[in-house]
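First to last, the sequence lines map onto chains X and A.
Take 5 as the starting number for the first sequence in our numbering and just add one per residue.
Take 6 as the starting number for the second sequence in our numbering and just add one per residue.
Treat the hints as calculated values from the structure; they're not laboratory data.
Each residue gets a CB set at the ideal place from its N, CA and C atoms; glycine is no exception.
Don't take each hint at face value.
Covered stretches of chain X, going by a simulated chain A footprint (3 or more residues, C-beta under 8 Å) [stated by the list, open to error]:
1. 341 to 351
2. 400 to 409
Each pair of labels, with its calculated beta carbon distance range [unchecked claim]:
3. A:A82 x X:G58: 52 to 60 Å
4. X:G109 x A:P220: 51 to 59 Å
5. X:S261 x A:H198: 54 to 62 Å
6. X:H251 x A:R214: 51 to 59 Å
7. A:E330 x X:V367: 51 to 59 Å
8. A:H198 x X:R374: 34 to 42 Å
9. A:R190 x X:D146: 43 to 51 Å
10. X:A112 x A:D289: 57 to 65 Å
11. X:D146 x A:A87: 36 to 44 Å
12. A:A82 x X:S412: 16 to 24 Å
13. A:D296 x X:E373: 37 to 45 Å
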Amino acid sequence: MSTPESTDVVGDPLASRRVFLDHAATTPMLQQAREAWIAASAITGNPSSLHAAGRSTRRIVEEARESIADDLGTRPSAVIFTSGGTEADNLAVKGLFWARRARLGIAAPAVIASAIEHHAVMDPVEWLGKHEGADVVWAAVDTTGRVNVDFIADFIDRHASKTALVTVMWANNEVGTVQPVHAIARMCKDAGVPFHTDAVQALGQLPMDLSQLPAAAVTISGHKIGGPFGVGALIVDPHESIVPVSHGGGQERDVRSGTFDAPAIAAFAVAVQHAVAQQRVHAEHLAALQTMLAEGIREVVPDAIINGPDPGNATTRLPGNVHVSIPGAEGDALLMLLDAAGVDCSTGSACTAGIPEPSHVLVAMGVDERTSRSSLRFSLGRDSTSADVRAVIDALPPAVERARRAGSVSSQRVLDSPGRAGSGAR
Amino acid sequence: MRVVAALSGGVDSSVAAARMVDAGHEVVGIHLALARAESTSGRSRGCCTIDDARDARRVADALGIPFYVWDFSAEFAEEVMADFLAEYEDNRTPNPCLRCNEHIKFRAVLDRALALDFDAVATGHYASIVNAAAGPELHRAVDPDKDQSYVLAVIERELLQHCLFPLGDSVKADVRAEAQARGLRTASKPDSHDICFIPDGDTPGFLARTIGEKPGNIVDVGTGQTVGQHRGTFTVTIGQRRGLDLRIPGEDGQARYVVDVNPSTDTVYVGSPELLDVIAMDADHVIWCADPLDEEWSEVTAQVRAHHAGSPARARLVEGRLSVELREPIRGLATGQSVAVYRGTQVLGSGRILSTVRASAPART
Numbered sequence: 005m006s007t008p009e010s011t012d013v014v015g016d017p018l019a020s021r022r023v024f025l026d027h028a029a030t031t032p033m034l035q036q037a038r039e040a041w042i043a044a045s046a047i048t049g050n051p052s053s054l055h056a057a058g059r060s061t062r063r064i065v066e067e068a069r070e071s072i073a074d075d076l077g078t079r080p081s082a083v084i085f086t087s088g089g090t091e092a093d094n095l096a097v098k099g100l101f102w103a104r105r106a107r108l109g110i111a112a113p114a115v116i117a118s119a120i121e122h123h124a125v126m127d128p129v130e131w132l133g134k135h136e137g138a139d140v141v142w143a144a145v146d147t148t149g150r151v152n153v154d155f156i157a158d159f160i161d162r163h164a165s166k167t168a169l170v171t172v173m174w175a176n177n178e179v180g181t182v183q184p185v186h187a188i189a190r191m192c193k194d195a196g197v198p199f200h201t202d203a204v205q206a207l208g209q210l211p212m213d214l215s216q217l218p219a220a221a222v223t224i225s226g227h228k229i230g231g232p233f234g235v236g237a238l239i240v241d242p243h244e245s246i247v248p249v250s251h252g253g254g255q256e257r258d259v260r261s262g263t264f265d266a267p268a269i270a271a272f273a274v275a276v277q278h279a280v281a282q283q284r285v286h287a288e289h290l291a292a293l294q295t296m297l298a299e300g301i302r303e304v305v306p307d308a309i310i311n312g313p314d315p316g317n318a319t320t321r322l323p324g325n326v327h328v329s330i331p332g333a334e335g336d337a338l339l340m341l342l343d344a345a346g347v348d349c350s351t352g353s354a355c356t357a358g359i360p361e362p363s364h365v366l367v368a369m370g371v372d373e374r375t376s377r378s379s380l381r382f383s384l385g386r387d388s389t390s391a392d393v394r395a396v397i398d399a400l401p402p403a404v405e406r407a408r409r410a411g412s413v414s415s416q417r418v419l420d421s422p423g424r425a426g427s428g429a430r
Numbered sequence: 006m007r008v009v010a011a012l013s014g015g016v017d018s019s020v021a022a023a024r025m026v027d028a029g030h031e032v033v034g035i036h037l038a039l040a041r042a043e044s045t046s047g048r049s050r051g052c053c054t055i056d057d058a059r060d061a062r063r064v065a066d067a068l069g070i071p072f073y074v075w076d077f078s079a080e081f082a083e084e085v086m087a088d089f090l091a092e093y094e095d096n097r098t099p100n101p102c103l104r105c106n107e108h109i110k111f112r113a114v115l116d117r118a119l120a121l122d123f124d125a126v127a128t129g130h131y132a133s134i135v136n137a138a139a140g141p142e143l144h145r146a147v148d149p150d151k152d153q154s155y156v157l158a159v160i161e162r163e164l165l166q167h168c169l170f171p172l173g174d175s176v177k178a179d180v181r182a183e184a185q186a187r188g189l190r191t192a193s194k195p196d197s198h199d200i201c202f203i204p205d206g207d208t209p210g211f212l213a214r215t216i217g218e219k220p221g222n223i224v225d226v227g228t229g230q231t232v233g234q235h236r237g238t239f240t241v242t243i244g245q246r247r248g249l250d251l252r253i254p255g256e257d258g259q260a261r262y263v264v265d266v267n268p269s270t271d272t273v274y275v276g277s278p279e280l281l282d283v284i285a286m287d288a289d290h291v292i293w294c295a296d297p298l299d300e301e302w303s304e305v306t307a308q309v310r311a312h313h314a315g316s317p318a319r320a321r322l323v324e325g326r327l328s329v330e331l332r333e334p335i336r337g338l339a340t341g342q343s344v345a346v347y348r349g350t351q352v353l354g355s356g357r358i359l360s361t362v363r364a365s366a367p368a369r370t
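All chains, please: the whole structure from these sequences, using the hints.
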């Protein structure tokens with residue numbers, strides 16, 4: 005299927021006038037997911053209650069759990085519902101670390117993480133290093149953002165009995181690099197080291213059969229695949245022990261307490277089912293647009309740098325991702341200008357206050373800070389069309405020209421300013 | 006016009022932006038991230054006033070304009086904070102708001118806005134732009150209690166054409182009422198008076214923490230007696246009375262003021278207020294918002310603080326330095342403060358006070 009499934013998508017009054025190319029941040033909810041959500045919201049009963057009302061809501065949750073397990077090739081008991089990807093990542097990183105540390109009986113076991121993890125993994129890992137004595141090891145990546153598997157293999161070879169956890173994302177959220185998670189999971193399994201992967205970006209764009217991935221835990225999220233915000237899951241190997249992060253009513257095998265959000269979980273299951281069933285056609289649709297967008301950008305901005313692996317090969321790069329650095333222009337200026345031209349995209353890194361930070365992903369790939377600040381991420385989705393791509397390619401040259409003028413002003417200002425060594429140049 | 010509305014998160018900038026929207030301009034709301042604070046997770050993340058950033062965003066929502074945060078924290082640290090600390094270490098008394106207006110709001114922000122094809126920057130300052138035949142002029146606001154032209158006396162003349170001050174013709178009470186009527190959430194927000202990077206208002210404490218304490222004696226110039234201790238000569242300001250914690254009362258029972266400091270002996274001198282009367286000053290770092298003065302004396306009004314009505318004076322420019330002679334003395338004037346000169350309501354320019362001439366020099370003992 006090469007036509008967009010626009011009928012599946014909730015109508016947004018802005019959509020007709022604007023081009024939304026930030027699907028990696030979030031993507032519109034599927035109509036079927038909304039229907040499941042609304043239907044489930046009409047049912048009374050706490051899923052943990054023992055009476056009929058409770059059972060009727062619990063049934064929704066359990067059917068969703070089975071549906072997700074079936075779609076992903078795992079067992080229902082493996083599915084631990086969470087409030088989203090961040091909570092699932094925190095639970096995986098901290099929970100697996102604590103459980104493994106207790107098993108190993110050593111004070112400061114190692115945690116290996118790739119240098120390009122999402123903050124939802126990176127920050128818990130750093131926190132373990134600061135507050136729990138973890139010996140944190142960041143695995144380097146190459147210039148395309150692919151993690152050094154030999155390094156991890158070698159480390160595990162020598163230090164398996166001192167390693168609590170290895171965590172490497174399935175595909176990177178900024179530059180789209182697909183990681184060799186199957187190879188890493190296998191070597192971890194063989195060495196008896198728990199492996200976690202954040203699969204939030206991969207789900208729906210890459211084939212995903214967890215029966216073929218010997219991982220201790222896998223993170224997925226609802227709103228990246230057409231489900232609602234605020235729901236996700238950690239798929240935990242039932243044989244793996246994991247220490248809870250939040251304590252309470254003992255739901256989810258005591259691993260994740262808290263009342264189930266049954267409507268969100270029902271909608272999430274619909275979105276997972278759709279993501280898995282449509283994965284191949286979806287990826288083909290995205291890949292065609294990805295190639296068109298990358299080539300179009302190169303044509304209108306000849307010195308633009310496409311970061312990450314070559315577009316058009318979904319075994320090495322997410323088909324929905326185009327990440328570009330435009331020398332001489334600041335990413336946030338470009339974002340603002342494109343926003344004004346009706347195009348929603350991202351600088352690839354954002355924080356709550358809206359202040360762009362230099363991307364740790366690009367820095368790890370060896371991109372200098374200045375180039376890193378001149379970056380934009382376009383991420384394609386289910387309802388993206390070739391007209392959207394053409395609109396971006398049309399909007400880009402004037403935005404680039406203007407942003408470059410602004411960029412040269414700010415570097416000029418730094419140079420002109422007396423008593424300033426240029427170290428503060430942005 | 007395409008206008009950048011600087012949204013601080015306060016009531017004034019909210020109404021200023023609203024008026025720009027009403028005037029039919031294409032307005033984009035910008036909140037400036039200036040002073041950075043560590044977040045609880047230890048990562049530097051955003052400005053010190055997260056509530057203000059949030060209010061600014063919500064005002065933009067209410068006005069239906071795009072909103073972005075522009076990060077000028079590196080520039081702010083270098084141009085404003087570093088200057089602030091260096092000046093105090095030098096026993097001068099800087100006004101960081103002027104430096105911020107000079108280097109950040111009406112330089113870095115304006116440059117960026119113009120480069121991005123905006124025509125102007127609008128702020129909630131109380132001041133007026135008057136379009137005269139020879140070009141735009143900077144004037145006082147109509148509300149004398151709120152007039153902020155003093156802190157804007159650092160905008161170079163050629164930049165005035167890109168500055169919009171939509172509140173110049175309004176009084177504060179009306180601006181609040183307008184915010185209320187427009188349903189802006191900032192309508193009842195209290196005015197900010199503190200230096201933005203010292204939110205608790207304790208400047209001496211901030212300086213002692215940042216520069217380090219360098220304690221010494223406080224000496225009464227009349228008696229030569231040591232009457233108290235200080236945390237560093239840089240933590241006091243000429244003309245200061247409060248917060249000295251003097252343990253020995255003055256001879257005549259009168260309040261005593263900081264009249265002089267001697268950093269080489271770490272001594273602060275206090276004395277009677279008459280010793281603080283300044284009759285003339287020289288200033289460097291001169292910036293003209295209008296035709297520059299020349300070597301001939303011109304009749305002006307000199308203003309030395311944000312909340313100072315201005316004193317009749319004459320001024321001239323000699324070898325790049327602004328000389329001001331006051332018709333009547335101004336009490337308590339520290340070097341490092343800025344002097345703005347006006348002709349009528351028009352701001353001519355400003356300089357940073359390098360030296361002062363007192364009516365009667367305090368005799369150090």
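Comparing the hints with the structure gives:
no.	hint	verdict
1	341 to 351	holds (count 3)
2	400 to 409	holds (count 3)
3	A:A82 x X:G58: 52 to 60 Å	holds, 57 Å
4	X:G109 x A:P220: 51 to 59 Å	holds, 53 Å
5	X:S261 x A:H198: 54 to 62 Å	violated, 47 Å
6	X:H251 x A:R214: 51 to 59 Å	violated, 39 Å
7	A:E330 x X:V367: 51 to 59 Å	holds, 58 Å
8	A:H198 x X:R374: 34 to 42 Å	holds, 39 Å
9	A:R190 x X:D146: 43 to 51 Å	holds, 49 Å
10	X:A112 x A:D289: 57 to 65 Å	holds, 58 Å
11	X:D146 x A:A87: 36 to 44 Å	holds, 40 Å
12	A:A82 x X:S412: 16 to 24 Å	holds, 23 Å
13	A:D296 x X:E373: 37 to 45 Å	holds, 44 Å
The structure does not agree with the numbered hints 5, 6 stated previously, though it agrees with the rest.
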